Structures are given as structure tokens and as C-alpha cells.
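A.B. asks: Okay, here's what each chain looks like letter by letter:
There are 2 protein chains.
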Amino acid sequence: MAHGAWCMALLTYPLPRAPCPMHLTKCLSAKGIMKKVNIGLIGLGTVGRGVYDAITCNGDLIARRTGVSVAIRGVCDEDKKALKGIDLQGGAVKVCTADELIKDRHIDIIVELIGGVDSAKEIILSALRKKKHVVTANKALLSGHWKEIFGAASENGVFVNFEASVGGAIPVIRTLRESFVADRIDTIYGILNGTTNFILSMMAMTGCSFDEALKIAQEKGIAEADPGLDISGKDSAHKLAILALLGFGMDVFCNDVYTEGITHIGPQDMRNAARLGYSIKLLAIAKDTPDGVQLRVHPTLIMASHLLSGVRGADNAIFVKGDLMGESLLFGKGAGRKPTASSIAGDIVEIARHVAFFGNNNPVPYNLNYASGEKSVSPMEELFISYYLRFSVIDKPGVLAGISSILAKYNISIASVSQEERKAGETVPVVILNHSAKEGDMRKAIAEIDELEYVTDKTVVIRMEEF
Amino acid sequence: MAHGAWCMALLTYPLPRAPCPMHLTKCLSAKGIMKKVNIGLIGLGTVGRGVYDAITCNGDLIARRTGVSVAIRGVCDEDKKALKGIDLQGGAVKVCTADELIKDRHIDIIVELIGGVDSAKEIILSALRKKKHVVTANKALLSGHWKEIFGAASENGVFVNFEASVGGAIPVIRTLRESFVADRIDTIYGILNGTTNFILSMMAMTGCSFDEALKIAQEKGIAEADPGLDISGKDSAHKLAILALLGFGMDVFCNDVYTEGITHIGPQDMRNAARLGYSIKLLAIAKDTPDGVQLRVHPTLIMASHLLSGVRGADNAIFVKGDLMGESLLFGKGAGRKPTASSIAGDIVEIARHVAFFGNNNPVPYNLNYASGEKSVSPMEELFISYYLRFSVIDKPGVLAGISSILAKYNISIASVSQEERKAGETVPVVILNHSAKEGDMRKAIAEIDELEYVTDKTVVIRMEEF
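Chains as they are written, first to last, in my numbering: chain A, 1 to 467; chain B, 468 to 934.
Certain hints may be false.
[Said to hold, decoys possible] Okay, the calculated beta carbon distance ranges per label pair:
no. : chain 1 : residue 1 : chain 2 : residue 2 : range
1   : B       : LYS598    : A       : LYS84     : 31 to 41 Å
2   : A       : MET303    : B       : GLY558    : 28 to 38 Å
3   : A       : CYS57     : B       : TYR921    : 51 to 61 Å
4   : B       : LYS687    : A       : ASP87     : 51 to 61 Å
5   : A       : MET303    : B       : GLU686    : 20 to 30 Å
6   : A       : ASN360    : B       : CYS524    : 33 to 43 Å
7   : B       : ASP908    : A       : SER416    : 33 to 43 Å
Treat the hints as calculated values from the structure; they're not laboratory data.
All figures in this text were calculated on a predicted structure; none of them were measured in a lab.
Every residue, glycine too, gets a C-beta built ideally from N, C-alpha and C.
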């Protein structure tokens, strides 16, 4: 009944319109119905500062909604400049080392936001061994080392929450883990990288080149100075591995994902795609088929009428198919200080509620909780896929016959051919669409075609996805 | 450490590719690591049968993912025919009355799926008083009586889960309650009714009338024989009230929502909208503004390029804006046996995990947990909205002058005017767009215009929404 009493208090307690966190916390604490949970924040970069701001500014809201007050007890960052503007609240917030935060017995939750793999892994494992719950957004670490991390979490009976590791503010981890817990998931499509989606959207909208679009993205702070991880597709592969791990319940690491970037896409490909009724997206694809699991990240032609085609700019989206829920799409901001902080705050609050209600000596109701299955990843060469092919050829008689006879030799049928207006003797693009060929055959055919004397440039191969 | 041990077992326990539920449950039960939670299913209509099938067919998956086995201990339905095909598993599943299920001390969770308000309310309140957790999809009941229901849940320290009450398989309740817990939500847009979205999509696609589209929807089983609740917008209003309750944390009931249906939309309005770059959707709108809260359901013109315009057929979508996460859209199946069952199964599993880990004598970490605020709903007449107006007039000199002078009298400016090709003396439609007028003024102006002798039919007024 004591519980019921404070729940009802929350349900009916009259609150001022926009109370400050301190007001509310003190007010409810005085009544003995507000519970406080302490966090330690490791890393005060863009995202870390976002989390600091979110907890500080919206703490009253969280308290009102959940009955739990989340307090930042300590922060740490190697770069002392990162502390600028942090309000230490007269000593209530301590500045210390990661190790000190982990050892602080008043801290329940460690929030790791330093990124990278090695140091972050050490910090997280060390926190877990001290029975601290952990919140992280570190996809590179999780997609490569999840077994160690979740193993340590389970051994020590604590949570590792990682909603912000995939899709920024999009609640895809919680949705896969909880909402779709009764669904056999067979397909996941994701636009998981805002930088590449911005670049491709810019190319589609303005007709500019990849390099020009990248430059604009860098100027706008959407692409990093070294954009390698994004434009190579690796960042998307990290995220896809995490989604497949949850969705399919299988042993999978980022290295299992076939990965191809977007640097070879030209403005003419964007134009051709639009003319044919498609858009080009860097799509992360996971399919659980009777022949094995497909895991791949590559530029992909998708029908312009599909919802995923409407995901433009730096936004992300994840499309999931299950045997019960049918088709689902989650859309939102994929990165950025505030959206990522929103996700991380949600993760923190979930654990804070658990700690406030059950203390730290109770088991957590889940961690990864996925059994290793017997599923295995199909080799890319074995997959049957549809293709867009752009050949660069010198326009002269017999060219199309030469290309099509090599395609035929490898059992690759042609669904449509188009060629722009020609000036005799000049290089012209020939675009061929195919509606299903074996990837291995396609690679061999293209290698052979690219050796032909009238083929002037490497053929551009973009896979297509039919929904 | 015992906990850690079984968690690791789940993490690494080798399972056959598709084990039957019984195999897995027995196998893990024998090892003492599978916990069983019993449910009672009240109502075996379309959705109830879907839940029965979901738990029966995908129970192994749920067990593997969560370590909890959900068992249907009893079912009940007033219509004995509804029991056809239910496998009673040699007596393991009992057929009894709602009252017997509620009183069964082995049952932890009551799943109410009979619909309607009075009996359902009685059943739910009776279950809560017996300290049974409840899962329901009953939006009519919740949006009208949530205070009583959640009050009783809090008093008795049990959960009421209701994900399927809004947006079928779309995880919007969990997302608002948990993922966006740190966000100040200021805007919610929803396409919350599959029947009306199907009808409007059909009208847009084929050019047919409302009546024709409704007939097709009924033939396809998408609209009920009595479609009143759907086409009047009331079903959407029920759902919007629940979303506003969660998103804004305010006292709100379905009767607070201004509600208008879609029966007055003509094929010519769909054509006009398309020509102007818009689609027409039955949009549920909730906005928390400094001037008050807007809650309204009405046909709405939205830009064709917006993601919500791409939500076609019986699908649903919910668009949410928050101060941290920015803009988010959740899309999926809004109704149907399997999608609704997916959602309900997710709700059941959430509670089952809690029961399995913490027993029934522990507090629940949340229920509604929203304090009554001081927010109030703005009267519809006071809102400033954009409008599409279609006047039916006899084409003669002075008509446009007459209409526009009345609009001007009420401070309604004209953004654009279009009139189809005219045959002198015949009735012609005149379409006027306006980019912000006070609803009260607009109503007065239209009433006055509709009295003009050359106005041959009631003016069609459709509100517009700019994102």
C-alpha cells in the first residue's frame, strides 16, 4: 500500500507549470516519495555535454513522470576544456577520473561516452565488475565485443543499455527487445548513417558530385573532417550487426557484414535512378532466410514510392518485418547532441527506475538474453540480387552485343536497357537493369566486361532492393 | 551469482533451430532456469484469437529471448462458438467465466479483449482489486475512464499495459513512456485509424466517391458493417486522448478532443489537393502551446512530400516532436489480428518478466505515473488554422467579390484562388486557400457565405497543417 500511496501521489499531486528540478526534487523528497539515483558521466564531448544538459534541464520532467530523480554525481574528461560551462553545483558534481567514478559507491550508473574501442572497453568492463550499470552509445565497441560486454553484465547482474548506439533518437533497440519480443523478425532495412544519407540526398536534389556534397556536409558539421568510417559504410555495418544480433538472436559481429561505401556513386547514377523511378540510399540489409542470413551494407536503388525513399538529409530510419506485426518503420534523427542525449537519457531512466524500485541487489529482468542460435551468414557471392549496371563504353557497332553476350554467359538476364543520346565515337553510358542474378556470377561478368577494349571506365554496379 | 549463471546460460545455451514451445519449456524447466507465468484470456474474438495463436506459436521464441515461459491457463468468451479450434492441451487450458479467471490464484495477468466500455471496465477493475496485472487494447474505455483504472492499478501495485490501444503494432505507448521520457513533447500528429486512411487513400488513388470507397473497405473487411466510430473520427479521438495523456502528462479525456469525420470529403477535394501538392488525411493533432493545448481530429491537407502523406491504405503512423529528440515517426499496421496480437504479446511479456523476476509482491516501476498538470485545452474557436475552402457557386459576375468581401470582413486573407473551367450559369467550384485565420471567424464567415443566393451547396472546409 505504501507503493500505491506514492503512485497515487504522483497521479494527483498538483505541480506548478514548470517547476525547476531542485524545487520538485526537494518538494517530493520532503514527502519521502522521490528516490534519487546517481550517475557518473565519462566523456564530455558533444554527446556527453548533451546528456549533461538533458539531465540538468529536463530533470524535473523525468522526476514528475517517473518518481525518480537522476543526479549527476561526477563527470570526467581527459580534456579539461570540456569542463567549461559545467555547473558543479557547489561541489554536488565532482570532477574526477573514470576510475574514481567507477569506484564511487554512491554511483549506480556509469555513462560511457568517450567512444573508441580499447579504453571504452576497459572502462565498461571495469564498471561492470564493480556491479555498476552501464549506458553506452558505442556501436564500434558493442558490434565487435558484445559477447564479452554482455557476459560481464550478466555475471554481475547489471544492465548494459545501448539505445543510442543505433539510429540516434530512434527507439529501435527497445522496440526490438520489448515491443517485438513475440515476433519472428525476418527482415531489417536501415538507413543508419546520417552523413551518407545527407550526401546522397544532396546529390539527388542538386545534381552535384559526391565530392561537392561531402564538402557541404563537412561545412555544415554533418560530416567529420575524416569521414572514412561513414562513407565506407563501416559505421552502418556496426549498427546493422547490433540490429541482427537483437532481431535474429544470432552470433554476429560487424566483420560478418558485407560492406560497400558510396564514393563510386556519380551524379548520373542519381539522375538515372530518378528517371527509372528509384532513389539511391546507403541501405543496411539483414534478412533471415531459409538459405541463411544476409547481412550487407551497400548503396541500393529503392522504389521512389517506398517510405524509405522519403527519408532525406541526415535523418535515419529502420524498417522491420515480423511474422505478427507485419511491417514497421521507425524514423528520426540519427545523430546530433540533443537526439543522442534523448536516447541516452531514456536508457539512464530505465535503469534508474529499476535501481529506485528494486535496489542494486536484485536481478535485472534482461540483458541481451539472446541464445546463440545455429544461424550462419550466407557468403555474399551466393546471394541472388537485382542490379543496376552503368557501363561506360565508346559508342560503336557491336558494343551492346559484346556486353550482353558476356552477361548471358553468366546467366544474367536483362530487364531493361537505356542509353543516352550518342555522339559517335564518344564515351556513352549504357544503363542495364537486371532483376535477379547471383552475386558471384555478376562479379565475374563485370570483371570480364571491364576488360573489353571499348569499355572506357570501371562499370558502376548498384544493387537494387524490391520490397 | 545464481542470476548471472542463468543469464549466461541463456546467452550460450545451444538451441535447436526451431524448437517447439513444449520442448524448450520442458528442457529449460528441467534445468531450473525457465520461469512460468500464467495468463487468463477474456474475449476470443479476432484479437483474442490472435493473442492465443501468438502465445501458442511463438512461445518458444519468447522463452528463448526472455527466459520466461508464458502459459495460457484459461480462456473465456460468452459465445461458445469462439472456442472452436482452441487446443485445451488435455485440460492445461481451462474454459471458464471471467470471474473464475480473475479469482484463479495461479493467474498473474488478465488480458481483457472483449471491447466495449461497461463490462470491460467491471472486469478490469475487478481484476485489479484482486491484484492481477491487466493488459488491454480498449481505447474507448481508457480514454474515458483512465483515472479510475490507473488509480486502481496504483492502489493495488499492479500494471495496466495498453500498447495495442493506439496504433496497433506501433510501439508508441512504450516509446512515449520510456524512450522519450526525458523529452518535453510539444506536438503529436497521428494517422490513427486504418479504415478512414484506407478510404481516403482509395479516393485519392481511384477518384471514387466516399460511399464507393467505404463499400470497398467493407468488402475487404477493413471497415465494419457499422463504420460510425471510425468515419466520424471518434476512434481517432479516443486514441489521441491517450497519446496526449502520456505525451503532455495532462488530465484529458476523449470528450476534450474536437472531432470531425470524413464523410463530407468529395473526389473533387482529393483532386484539388493533389493538384495543389497536398494529400488529405484524417489527422489527429495534439499540440502543447503556450496558449493552451490543442486537441483535434479532422480531415487535413498535408504536403505531399511529408512522410505522413506516404502512409497509405490501412496503415497508421504517429509523428512526435520533442525538445531533445527532434522529430520522430513511427509507422506500422494499425489494426488486424496478428499486428494487434504482437503488441499485446509484448505487453504480456513485459509484465511476465516482472512477475518472474520480482514476484507479485513487489512494486511495479511505473503505471501511468503522470501528475495532473495545470494544462488546459484551448477552445477550437480560438485556434488559428490554415484552410482549404471549396465553394459551390453559380458562375456569374460578382460572385468572387461577394465571397471575398465576407472573408475580408472576418479578417480572413486569401492565399490563393482557383476555379475550374466554367460553363456560364452552371455551378462551379471555387477553391480558396488561406494561411491562418481564427476558427471562430472562419465559422461565422462560412455561415454567412452559405446564405448567399448564388452559393448552391454547403461550403467544404478542410483544415491544413504546415509542418
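A.B. asks: Would you mind marking each hint as holding or not holding in the structure?
C.D. replies: Here is how each hint holds up against the structure:
1. B/LYS598 with A/LYS84: 31 to 41 Å: 52 Å, violated
2. A/MET303 with B/GLY558: 28 to 38 Å: 52 Å, violated
3. A/CYS57 with B/TYR921: 51 to 61 Å: 57 Å, holds
4. B/LYS687 with A/ASP87: 51 to 61 Å: For B/LYS687 and A/ASP87 the Cβ distance comes to about 59 Å; the hint holds.
5. A/MET303 with B/GLU686: 20 to 30 Å: Roughly 28 Å apart at Cβ, these two residues keep to the hinted range, so it holds.
6. A/ASN360 with B/CYS524: 33 to 43 Å: The hinted range 33 to 43 Å holds for A/ASN360 and B/CYS524, with Cβ atoms some 38 Å apart.
7. B/ASP908 with A/SER416: 33 to 43 Å: 56 Å, violated
When held up to the earlier numbered hints, the structure conflicts with 1, 2 and 7 and fits the remainder.
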